[in-house]
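Sequence order for the protein chains is Y and L.
The numbering of the first sequence is the numbering used here, which starts it at 1 and goes up by one.
The numbering of the second sequence is the numbering used here, which starts it at 1 and goes up by one.
FYI, nobody ran anything at the bench for these hints, they're computed from the structure.
Note that the structure is predicted; figures quoted are calculated from it, not measured.
All C-beta atoms, glycine included, are put in the ideal place defined by N, C-alpha and C.
Among the hints, erroneous ones may be present.
Heads up, simulated PhoX-like pairs for lysine-lysine below, C-alpha to C-alpha not over 25 angstroms straight-line [claimed, not checked]:
hint : chain 1 : residue 1 : chain 2 : residue 2
1    : L       : Lys42     : Y       : Lys13
2    : L       : Lys68     : Y       : Lys13
3    : L       : Lys42     : L       : Lys1
Listed below are several chain Y residues computed to face chain L (Cβ distance under 8 angstroms; list not exhaustive) [stated by the list, open to error]:
hint : residue
4    : Leu43
5    : Ser106
6    : Gly108
Below, each chain spelled out in residue letters.
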Amino acid sequence: KAGVTQTPRYLIKTRGQQVTLSCSPISGHRSVSWYQQTPGQGLQFLFEYFSETQRNKGNFPGRFSGRQFSNSRSEMNVSTLELGDSALYLCASSFGFTGHSPVAGSTGELFFGEGSRLTVL
Amino acid sequence: KQEVTQIPAALSVPEGENLVLNCSFTDSAIYNLQWFRQDPGKGLTSLLLIQSSQREQTSGRLNASLDKSSGRSTLYIAASQPGDSATYLCAVREGTSGSRLTFGEGTQLTVNP
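Sequences are here, hints too, so could you generate the full structure?
Below, the structure is given as structure tokens:
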């Protein structure tokens, strides 16, 4: 069973550019969430998509956006890159949640990909 | 606002030792708690998931316990090996937060041969 796949694994951009990262969840999973990891702030939640709808959003500026496609693959985009956007961006997949509970038959466990390492120069 | 704290921040032990990593959270109204392992430059590997109604979960040499009322979880690693060297993270999911996890800063574990 394939895990969560993130592409690209590494990329270097310059300030002011934009970047798009991709995440393919585990087959059957409908929820994809994104996290930013930096040495100073640790792991912080960006947003979650479930069945093509944004369900939840963290405290990040509007330069950070995302979307989810009908096959559950997700992309996140960062526009007008700043030096502080340099980070490891991690994607997590799960079967998802309805209301407070995991989708029937699932535990609510999240599975992460290897991440996309973004360096902004 | 939920806050998650992990103690110690770093730990170095000789091979074969049993050890305990600690995680505390400020709001006990959690849905579940998940322990992860992260190797340098890599993603997160899920180790154990404990539902709020459970007291502990075991997988091989790992045992995680949860005391929701006191806001604490521990990860016990038996007979540590050099391959256990990594950063261990705990994360809590609150009841209304969907897939949103709140993470601790992690404990960096080094097991010396």
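List of violated hint numbers, smallest to largest: 2, 3, 5
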